[in-house]
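Top line first, the protein sequences correspond to chains A and B. Just so we're aligned, residue 1 is where the first sequence starts under the numbering used here, counting upward by one. Just so we're aligned, residue 1001 is where the second sequence starts under the numbering used here, counting upward by one.
Source of the hints: derived by calculation from the structure; they are not laboratory data. The beta carbon of each residue, even a glycine, is placed where N, CA and C say it ideally should be. Some clues are possibly wrong.
Across the chosen pairs, the derived CB separations fall in these ranges [unchecked claim]: (1) A:L188 / B:T1013: 17 to 27 angstroms; (2) A:L26 / B:E1151: 18 to 28 angstroms; (3) A:A73 / B:P1060: 42 to 52 angstroms; (4) B:W1141 / A:F76: 34 to 44 angstroms; (5) A:S46 / B:P1060: 37 to 47 angstroms; (6) B:A1193 / A:A61: 58 to 68 angstroms.
Not close to chain B: a few residues of chain A, all C-beta gaps over 10 angstroms, as computed [unchecked claim]: (7) R74; (8) L81; (9) E171; (10) A175; (11) R177; (12) V192; (13) W245.
Some chain A residues near chain B, calculated using beta-carbon distances under 8 angstroms [to be verified]: (14) W31; (15) A65; (16) M152; (17) S208; (18) Q269; (19) V271.
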Amino acid sequence: MSATVSAPAAAAPRFDAALQTLAAWLLGVVWIAPLLYAVWAAFHPSEYTTRFTLFAPLTLANFAAAWDAAPFARYFLNTFLLVTMILAAQFVLCTLAAFAFARSRFPGSSLLFGLVLVQLMVMPDILLVENYATMRRLGLVDTILAIGLPYMASAFGIFLLRQAFMQVPKELEEAARVEGCGTLGILLRVYVPLARPTYLAYGLTSVSFHWNNFLWPLVITNSVETRPLTVGLSVFASTDQGIDWAIISAATLMTSAPLLVGFLLFQRQFVQSFMRAGIR
Amino acid sequence: MSRTTLHAWLLLTPALVLLFAFTHYPAVATFWHSLFSTPRANRPARWVGLDNYEALLDDPVFWQAFWNNAIYAGATIPLSIGIALAMALWVNSRIAGRGLLRMAYFTPTVLPMIAVANLWLFFFTPDYGLLDQITSALFGWGPTNWIGQTETALGAMIAVAVWKEAGFFMIFYLAALQAIPPSLYEAAAIEGASRWTVFRRVTLPLLGPTTLFILVNAVINGFRLVDHIIVMTRGGPNNATQLLLTYIYEVGFRFWDTAMAAALTLILLVILAAAAGFQFFVLGKRTYYR
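Bound-form chain A, shown alone (with noise of 0.2 angstroms):
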């Protein structure tokens, strides 16, 4: 942070700015490294990977080579699945909960709202050894449902979504109701169309999430049928690759490509959703 400009000299605060801009690329090129660097080891043959001259020449066989060596096909296929399944039962149970929270007062209500609060804190990766259990009860184990599964009744997303909805005009509603709209009709037609923001934000949380997500699936799953990208990525890096940074860097690339592409492409909204919806 800046300390305490002293007033006389007119050239501290520039010499300050300056200073602080320097700060602040030298921050930012050390958070991008690790992702520069992959880009270069994953498009040159490996014998470049720890030698950087200009001309190296460039390739696309790391990639051939990495998507051979998995089936990383099925693995986005699984992690697609999963994503999907989850963000739509989110929104879904979510919306319901977060509107009966938001709109109706009974007894017990605070009290419920408390218990839900309770998953913030205690996230289901925490509870990894009954959950495994409860999954074998049901003969879940080793499905991409069992993945999803704890995760659904979302605590954040409820309560994101409770907040949205509180600071929708009651007038709104009761002349929805006068147009003849039934309760399901008012949350439909008037509360989620307002919340929009606050489903974008929340629902590109949840994506990045479930697709990072790793200790739950690398836990509850044991086959190709069911393995997200993240546990099939640390299958490939640990057995079958021994050392070779380029094909490792390519599979890594590989596996994140579809979030940081979109994230590029929607960065400017994916900012300014968070700040419609008034996160904090």
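For chain A, the structure is supplied; the task is to place chain B on it using the hints.
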């Protein structure tokens, strides 16, 4: 039961069933199962009272995981929040190339931790890894086995976690900074307040609720964010990077000692509950929170 109450329950039931099944029930069951021995083939679980906890207290690996986790949380929480605030202030100011900077800061957030672990594994490789190349060029240091020796391994894991988290927290600070009315800054400028004073008296207090929200997340991550450790060091070398959750994973799913894993989980739950209580009852009163 009135109509609204009935409606509310209908709306709540699907979410509550799943929440209770995968959060509340397992939390209670963890406690119950921690009081029994681990069921093995032809030897069912039997009541052992607090024996599992006593065994844990005598287990040096547990204590190492405990203190490692204290260091890990104690370092990642303030570092990631502090860096996130600096990033947000820079990106919010008229700095050269702020779009690029914002992208650079935020990118680690969308990269899977597993992918990230692979990249950092290379950075930390002795001799020809990037970190060793830089330290030998700048300071003339010899090769260092950053994640293979007990002195530096935990620090390396902390660095990766901070790198991963800070950009995510920055977004929340950025959103809060942009919501501060410009009139406040204009008023401060008329008063002739220095930049430091403006930051301390105007910006910082208005970031209070955001900081609380970020703190909650950072505390959870201080115990939950272990993906990179499982891939990079598996808790080693010699348990130098063993944390509570990695130890739960090891005891529960490598040794299949579920009763011991349940006792460990309960200890982690108690720590998290204490942290939650502190945040809501002590810190929550000081920041006004809508």
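Tested hints:
1. Separation of L188 of chain A from T1013 of chain B is about 19 angstroms and conforms to the stated range, judged on CB atoms against 17 to 27 angstroms.
2. At roughly 26 angstroms, the beta-carbon separation of L26 of chain A and E1151 of chain B lies within the given 18 to 28 angstroms, and the hint holds.
3. About 46 angstroms separates the C-beta atoms of A73 of chain A and P1060 of chain B, a value consistent with the hinted range of 42 to 52 angstroms.
4. Between W1141 of chain B and F76 of chain A the beta carbon distance is about 41 angstroms. The supplied range of 34 to 44 angstroms therefore holds.
5. Against the hinted window of 37 to 47 angstroms, the Cβ-Cβ separation of S46 of chain A and P1060 of chain B comes to about 42 angstroms, which satisfies the hint.
6. At about 60 angstroms, the beta-carbon gap between A1193 of chain B and A61 of chain A stays in the expected band of 58 to 68 angstroms.
7. Taking the minimum C-beta to C-beta distance to chain B, about 17 angstroms, the non-interface status of R74 of chain A holds against the 10 angstroms cut.
8. The beta carbon of L81 of chain A sits about 17 angstroms from the closest Cβ of chain B, which is more than 10 angstroms, so the claim that it is off the interface holds.
9. With a minimum CB-CB distance of about 19 angstroms to chain B, E171 of chain A clears the 10 angstroms threshold, and the non-interface call stands.
10. At roughly 19 angstroms, the least C-beta separation between A175 of chain A and chain B is larger than 10 angstroms, which holds for a residue marked as non-interface.
11. Annotated as non-interface, R177 of chain A keeps its C-beta farther than 10 angstroms from every C-beta of chain B; the closest such distance is 13 angstroms.
12. Separation of V192 of chain A from chain B is adequate, the least Cβ-Cβ distance of about 13 angstroms exceeding the 10 angstroms criterion.
13. With a least CB separation of 5 angstroms from chain B, W245 of chain A falls inside the 10 angstroms interface cut-off, contrary to its annotation.
14. Proximity of W31 of chain A to chain B holds as hinted, the smallest CB-CB distance being about 5 angstroms (cut-off 8 angstroms).
15. The interface hint given for A65 of chain A is violated, since its Cβ lies 15 angstroms from the closest Cβ of chain B, which is over the 8 angstroms cut-off.
16. Checking M152 of chain A against chain B by beta carbon gives a least distance of about 5 angstroms; that is within 8 angstroms, so the hint holds.
17. Here the hint on S208 of chain A is kept, as its CB sits about 5 angstroms from the closest CB of chain B, short of 8 angstroms.
18. Proximity of Q269 of chain A to chain B is violated relative to the hint, the smallest CB-CB distance being about 13 angstroms (cut-off 8 angstroms).
19. This hint holds: V271 of chain A has a C-beta 6 angstroms from the nearest C-beta of chain B, less than the 8 angstroms allowed.
The structure fails to meet hints 13, 15, 18 from the earlier list, while all remaining hints are met.
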